[in-house]
Amino acid sequence: MNNKSYKNDKNDKNNVNSIDAGVDVGIDSFYFSEQKLNNPKMLQELQNRVISGTTNRFDIEYVLDLLDLFSKQLETKSHDYQFCSADEMIVFIQFLKRENLLKKIDREIGGLEYFDIRKIFGDKDFYQGIAPLGVLSHVTPTNATGLSFLALIEGVVTGNVNILRVNSKDGDVVVRLIGELLKLDCQYKGMLKNKLFCIDVDSRNQNLLKQIFFMSDAVSMWGGDVAVNSVRELLPPQKKFIVWGHKISFVYVDFDSFDNEDAMKNIAYECVNGEQSACSSPQVIYLNTNDFGQVKQYAKKFQSYFSQESKRMKFDRPGNSELSELSNVAIVHDLESCLGATIGDNAVLLEGESKDYRILVENEMNLKASPLFRTVWIRPLPLEHLPAVLFDFRDYLQSAGVVSSNAIQVIDRLIAAGVTRITVPGKMTDSFSGEAHDGKLALNQFIRHISVRYPLKNVGAFNDFFKTISFENTNASEKILSKDQFKKNDKSKGEVFFKSGGSSGVPAVSAFTYRDYEREMQYAADGIIAAGFSVEEDSAINLFFGGGLYGGMISFFTILEKIKAKQYPMGAHDDLQMVASTIIQFKINTLFGMPSYIIKLLKNYEKELLAYGGIKKIFFGGEHFNKDQKKYLKEIFKIDFLRSASYGSVDAGPLGYSCEYCNDGVHHLHHRLHDFKMIPLLDENNSGLCKLIITTKSRLGDQIVNYDIGDVGEAIVGPCQCGRVSPRFRLLGRTGDIFRAGGTFFNYMKIERILSDCNYKDVLQIVIEGNTSGDILKLILLKQTVVKLFAKKNKSMNEIILDLKMILLNEYADLSVAVEDEKILGLDIVLLESEQCFVSSASSGKILRVVDKR
Amino acid sequence: MAEANIDKGVQNKWCQIGDYYGLKSVENLCLLKAPYDRPAGYSGLFINAMKEVLEHHLKMSNNNSNFYKNLFNHKNFSTKDLKEIGDLEKIPFIHANFFKKHEILSINKEKVFLHLTSSGTTGQKSQVFFDEWSIRSAQKMVDNIFEYYGWVNENSFANYLLYTYEPEEGSKLGTAYTDNFLCKYVPVNKVKYALKYYGSNKHHFDIFGVIESLKQFEKENLPVRIFGFPSFFYFTLEKMRELNVAPLKLHNDSLVFLGGGWKKHQNEAIEKKDLYKLANELLGIPDERLRDGFGSVEHCIPYIECRNHNFHVPVWSHVIIRDLLTLENIGYDRIGYLNFISPYITSMPANSVLMGDLAVLHKGERCGCGIMQDYFQIVGRAGKSANKSCAISASEMLRNM
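Chains H and L, in that order, give the protein sequences.
Per the working numbering, the very first residue in the first sequence carries number 2; after that it's consecutive.
Per the working numbering, the very first residue in the second sequence carries number 933; after that it's consecutive.
Keep in mind the hints are simulated off the structure, nothing from the lab.
Take the hints with a grain of salt, since some may be wrong.
Which bits of chain H does chain L cover? Going by a derived footprint, with three or more residues having C-beta under 8 Å, they are [claimed, not checked]:
# : stretch
1 : 316-323
2 : 330-342
Derived pair list, reagent style DSSO-like, types lysine-lysine, alpha-carbon separation capped at 30 Å [said to hold, decoys possible]:
#  : chain 1 : residue 1 : chain 2 : residue 2
3  : H       : K297      : L       : K1032
4  : L       : K1204     : H       : K356
5  : L       : K1171     : H       : K211
6  : L       : K1007     : H       : K369
7  : H       : K356      : L       : K1171
8  : L       : K1033     : H       : K356
9  : H       : K301      : L       : K1032
10 : H       : K170      : L       : K1204
11 : H       : K297      : L       : K1033
12 : L       : K1007     : H       : K301
13 : H       : K302      : L       : K1007
14 : L       : K1022     : H       : K356
15 : L       : K1001     : H       : K369
16 : H       : K297      : L       : K1204
17 : H       : K604      : H       : K635
18 : H       : K369      : L       : K1033
19 : L       : K1001     : H       : K356
20 : L       : K1007     : H       : K312
21 : H       : K301      : L       : K1001
22 : L       : K1022     : H       : K297
23 : H       : K639      : H       : K628
24 : H       : K784      : H       : K794
25 : L       : K1033     : H       : K301
26 : L       : K1007     : H       : K315
27 : H       : K441      : H       : K240
28 : L       : K1001     : H       : K302
Output of the computed footprint for chain H on chain L, the stretches with three or more beta carbons under 8 Å from beta carbons of chain H [as the list claims (entries may be wrong)]:
#  : stretch
29 : 1118-1125
30 : 1284-1297
Backbone N, C-alpha and C define an ideal beta-carbon position, used for all residues, glycine too.
Working from the sequences, and respecting the hints, build out all of it.
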């Protein structure tokens, strides 16, 4: 996004950093056949494009938006995707959903904010973050269709360039899906261009594969030991090799649960489900006993459940290789049951009548793989022998289904023995987003951890020094979300709620999930570092109001916590004396709070606090300091560090922050959190005033889409001296404050400020009336305050009014042009006796700031 | 144990089964001279021989372990159930893999004449024990087949290229034994071992030495006999082609008789006809002098290709093809387990062996070579699935243990 595009310039794709839109996404652009790659020129071409892909700016938000839209496309246009099976489709649709990918990202790499390089407080000048590995080659298995595509998506969301060696099983599906995805991407910003490649190279063409793997930073390999070894041999010694190998899982039944028939039913389900082809399907049932009699008894009882369960699902005769493998094992086992003095002394084979299942009972503890297809070993294994028995198999262990009344002890032993995943029978093959696979988190494997130790002043995070690339869905609703509609938003996903207004009885709330909250506070924390808070030197007291669902104190507690700042969470406490003594006693130098509270505190304990003389910085929020207050702080307290703590709202969270170069209401947008549109107010003399419209990118609690925040501002064009490229704007007031009279926009706040500067600091109401000769602007003031103001000057009421008018016309150029030059607007000042005489809101009873009577 | 005495002594001596056990029908059947002609009363002879040998094992089973008795009880089988050839399928079979794990003997240890180990490719090896009768009768069958095909000539000399392990002291490998034994049909001029013994139990494939020998053999113009593993023979021919060795023309009476694994790297099978074509091109050996043999230590009856390269079942054994799941006899033309039945072996109850091979049985007349006995075709190994799940397979686990 550049300086222009956030001004609703959505079609201006050419402005996007380093992306050329309109790329060709024909299959030739990402699919390289072996024949093609055997040509050294094409291999070089692939390498060039891979390199170009690594320099493509990566924006996770864009990718999430794109994938979410792709998920919707798969869902709504499923007839265009007949090449996928219905089951695959469901998996793809779910996997690609923004919500699910976010959860995965949160769990596997800690959250979206970890894509930023961010200061780690506690060590000086120390920054940490993650970066993509760079180029990732994927070698995927032929046993799980669709897995290749999911693996690629994992590579994409971690910002990598991905090269997939397509396999015979799902190659077609994946190539077509990638084509569709790239086509969609191309309709937007084309960020995935040169990030996804398919190579169709036979595994025997080792020389070619070697060269392609050499281009990669890592090879992510799925498959059995033989396949893994054959690829490993092709890699240079330092190449990162991520192996997702074949695994074995089992069930462990504790001695107290040999009668647990519900568990038997579930174990039977696991042995039938998917013909045990998942690595998490059990191949052995271990019983915590060394009495083979008990084992045989258990097997007998288990057989009736296995039989029932097997009847429920049709047994499809496997292929000859699989069949003979399982028969080999069963036949030999049956023969072994004849060894020994009598039949069944050490082994028993229990089979289904139609040979649809096999239970291999054996008086051996070793872990033994089953030939699958409804074949399970039942063996004794006393808990104390578990570590020794599993010791040799640790490379292969995966899930254990546990049945025990004393599960925690058993689980602890299993973990110690090398099992990575523990669950109950019946849930062994279920997985959830963000769950570790074979003890590893995929996304975490696909990134590098970066550390930077470099002195950088007022830099909490690197993110705002780079442009974001927004998805800007052209099909998205343009509808503006109003405050009233916001109240009606679905809040059901919320976990933390803050009061967002609403005066009568039930408060309206703004809903955040914890991840929304944590993430937004993180960016706000980056903001106060940019504003000049120094964790090493400053000590803060948090004087914002708290309680009553109010977000101020609590969120600043979190913000300060994020950067490990020294903080005293006081709140806007009524006991000012206690507050002042705390500041003095603990040598606090930085105040966070509302201007009115801070001024009250300083004035009440001026003597003591002046004597202390340690207050150096004030971060304010909620309102502004006026000229007098600023003067007081500067002249009496010698404080000239006054910075906005954050620009934000309860509804939309933190929106902006002031870096050290931001004065007079100027803020940088938290552009990783929000997209921002400035919609110009219709204005003949091109004032540059705009309504601020916010779309929050990854919030799950409340959906903030095209939300009219109710503020008015102007864009600040050009680079900021701090080096950050996040868009800047100057806040100029509330939307209701801006009104149009005599063809020109005027700002209530500006008039208020002018009056305030001449010491009128009481009620101001502006009434606009229209008559035949044009609009009349009436400023309604409180009579007694005005009289008091001019008491010493010995002036008549008319003279006073005339004086005020002159000041206004002198200070407010647009007003002077309309009133004096163009003479299309009348200006009047009306003094009323009491506040009751002002026009009030029917609902809240508050005095209205602007009343339009035309 | 007498396993080291495998050389000269065995070859010319003959012994009779009656010396040991008095199994007259077994002896009569196994000594039938014509490999592919069933004499009058053949079926009765075969059934009686089977009954005799099974009773022998049952009796001996009691001495050593209860295994065989238990097995018969477990399968509700009694030798009384054997009345005609069609009853052979009722005999409880033993899977060849079982012999890889367990030693089951029907003789006292002092009667073990030869102890062979199968040349297993992955891990476990069969331990098979022969008494003198069992191994000699099997060898006699080979003699008879060689005779039948006219491959015996005591009045000439031949050069031998053996694709087998050069013997070391005390070798138990079955293939080495077999191939040495095959040198008796034409007197030896020279022998070249392709798998040279390097000491410390190590053998190396001496591919260049082999090529040199072949060149030498061409010059000497004596019949060449090449026996052993097809894979190494294949690698030799491939290498010759790679090195652009000019095609040789070996003596017209040369004979290639292969046996053992047909695998090259990564479990990829060598196509038999490709190998024959290569051998024909590069060594000048005619197609009908290129033969493969099928046999194993678990079942030693020789199955030797006819001139049409089919394995006909000789009179000394029967073949049943069984369904891979139900294990029922499925007759002709369908793929299943290969079940060999023969009364020849008295040292172990390996008279009905379910092989780890997938095969199809065909009616003899379909071959067209003139032999009317049924023949079988090997179509693959049992349980050699390319693991299609993400669960670890037993063979994978084995490989790394």
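Against the structure, the hints come out as follows:
Coverage of a stretch by a chain is defined here by at least three residues with a beta carbon nearer than 8 Å to that chain's beta carbons; for the stretch 316-323 of chain H and chain L the count is 5, and the condition holds. As drawn, the stretch 330-342 of chain H meets chain L at 11 residues by the rule of a beta-carbon pair under 8 Å; at three or more, the given contact holds. The hinted pair formed by K297 (chain H) and K1032 (chain L) meets the criterion: a straight-line CA distance of about 26 Å does not exceed 30 Å. Our distance criterion of 30 Å between C-alpha atoms is broken by K1204 (chain L) and K356 (chain H), whose separation comes to about 36 Å.
With a CA separation close to 25 Å, the supplied pair K1171 (chain L) and K211 (chain H) stays within the 30 Å bound. Restraint check for K1007 (chain L) and K369 (chain H): the C-alpha separation of about 26 Å stays at or below 30 Å, so the hint holds. Distance hint between K356 (chain H) and K1171 (chain L) is unfulfilled; the C-alpha atoms sit about 48 Å from each other, more than 30 Å. Only pairs whose Cα atoms come within 30 Å are accepted, and K1033 (chain L) paired with K356 (chain H) is accepted, the gap being roughly 24 Å.
Of the supplied pair hints, the one linking K301 (chain H) and K1032 (chain L) holds, its CA atoms being roughly 29 Å apart against a limit of 30 Å. At most 30 Å may separate the alpha-carbon atoms for a hinted pair to count; K170 (chain H) and K1204 (chain L) meet this at roughly 29 Å. Between K297 (chain H) and K1033 (chain L) the alpha-carbon distance is near 23 Å, which keeps this suggested pair within the 30 Å criterion. A C-alpha spacing of about 20 Å is found between K1007 (chain L) and K301 (chain H), which places the hinted pair at or below 30 Å, so the restraint holds.
A distance of roughly 23 Å separates the Cα atoms of K302 (chain H) and K1007 (chain L); the hinted pair therefore holds under the 30 Å criterion. For the hint pairing K1022 (chain L) with K356 (chain H), the CA-to-CA distance comes to about 19 Å; that is within 30 Å, so the pair holds. Distance check on the hinted pair: K1001 (chain L) and K369 (chain H) sit about 28 Å apart at the alpha-carbon level, within 30 Å; holds. As the CA atoms of K297 (chain H) and K1204 (chain L) are separated by approximately 48 Å, the hinted pair breaks the 30 Å bound.
Between K604 (chain H) and K635 (chain H) the alpha-carbon distance is near 13 Å, which keeps this suggested pair within the 30 Å criterion. Distance restraint check for K369 (chain H) and K1033 (chain L): the Cα-Cα separation of roughly 15 Å lies within the 30 Å cut-off, and the hinted pair is therefore satisfied. Proximity of K1001 (chain L) to K356 (chain H) is assessed by CA-CA distance (about 25 Å); at most 30 Å being required, the pair is judged to hold. For the hint pairing K1007 (chain L) with K312 (chain H), the CA-to-CA distance comes to about 26 Å; that is within 30 Å, so the pair holds.
Taking the CA atoms of K301 (chain H) and K1001 (chain L), the gap is about 25 Å. The hint holds against a cut of 30 Å. Taking the CA atoms of K1022 (chain L) and K297 (chain H), the gap is near 28 Å; set against the 30 Å cutoff, the hint holds. Proximity of K639 (chain H) to K628 (chain H) is assessed by CA-CA distance (about 15 Å); at most 30 Å being required, the pair is judged to hold. Our distance criterion of 30 Å between C-alpha atoms is met by K784 (chain H) and K794 (chain H), whose separation comes to about 16 Å.
Pair hint K1033 (chain L) plus K301 (chain H) holds up; C-alpha atoms about 26 Å apart against a cutoff of 30 Å. The straight-line distance between the Cα atoms of K1007 (chain L) and K315 (chain H) is roughly 28 Å, inside the 30 Å bound, and the hint therefore holds. Proposed proximity of K441 (chain H) and K240 (chain H) is supported: the alpha carbons are some 18 Å apart, at most 30 Å. For the given pair, K1001 (chain L) sits about 28 Å from K302 (chain H) by alpha-carbon distance, which is consistent with the 30 Å threshold.
Figure legend: the stretch 1118-1125 of chain L, annotated as covered by chain H; annotation inconsistent (0 residues with Cβ-Cβ distances under 8 Å, at least 3 required). Proximity of the stretch 1284-1297 of chain L to chain H, defined as three or more residues with a beta carbon under 8 Å from a beta carbon of that chain, is established by the 3 residues found.
Going down the numbered hints, you'll see the structure goes against 4, 7, 16 and 29, while the others check out.
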